[in-house]
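Residues in the sequence shown are numbered consecutively from 1, following my numbering.
Hints listed in this document are in silico derivations from the structure and should not be mistaken for laboratory results. Careful: at least some of the hints might be erroneous.
[Claimed, not checked] Just the calculated beta-carbon pair ranges, DEER-fashion:
1) A35 / Y4: 14 to 22 Å
2) G3 / A35: 27 to 35 Å
3) S9 / A35: 27 to 35 Å
4) G3 / D34: 28 to 36 Å
5) F30 / L10: 30 to 38 Å
6) A35 / A11: 26 to 34 Å
7) D36 / A11: 13 to 21 Å
8) C15 / D36: 16 to 24 Å
Backbone N, C-alpha and C fix where the C-beta goes; we use that ideal spot for every residue, glycine too.
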Amino acid sequence: MAGYAFTKSLAEAECLQRELEVGVLSINHFGTPDADTPFGGNKDTGRCHVVGNLTGGG
Numbered sequence: 001m002a003g004y005a006f007t008k009s010l011a012e013a014e015c016l017q018r019e020l021e022v023g024v025l026s027i028n029h030f031g032t033p034d035a036d037t038p039f040g041g042n043k044d045t046g047r048c049h050v051v052g053n054l055t056g057g058g
């Protein structure tokens, strides 16, 4: 799951990063990672990384 937030406060952005349980968090833009970017999820999905060199798939 992804999260997006808009703020002018670095402290608030850092708090969001710590508190939100998301796999990808974008601050002040709707960014998406490239398809070949290694991705680690959160909770049960965080047990492995998808794509990239960590799985040998990219």
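So, going through the hints one by one against the coordinates:
| no. | hint | result |
| --- | --- | --- |
| 1 | A35 / Y4: 14 to 22 Å | holds, 19 Å |
| 2 | G3 / A35: 27 to 35 Å | violated, 20 Å |
| 3 | S9 / A35: 27 to 35 Å | holds, 32 Å |
| 4 | G3 / D34: 28 to 36 Å | violated, 18 Å |
| 5 | F30 / L10: 30 to 38 Å | violated, 19 Å |
| 6 | A35 / A11: 26 to 34 Å | holds, 33 Å |
| 7 | D36 / A11: 13 to 21 Å | violated, 33 Å |
| 8 | C15 / D36: 16 to 24 Å | violated, 30 Å |
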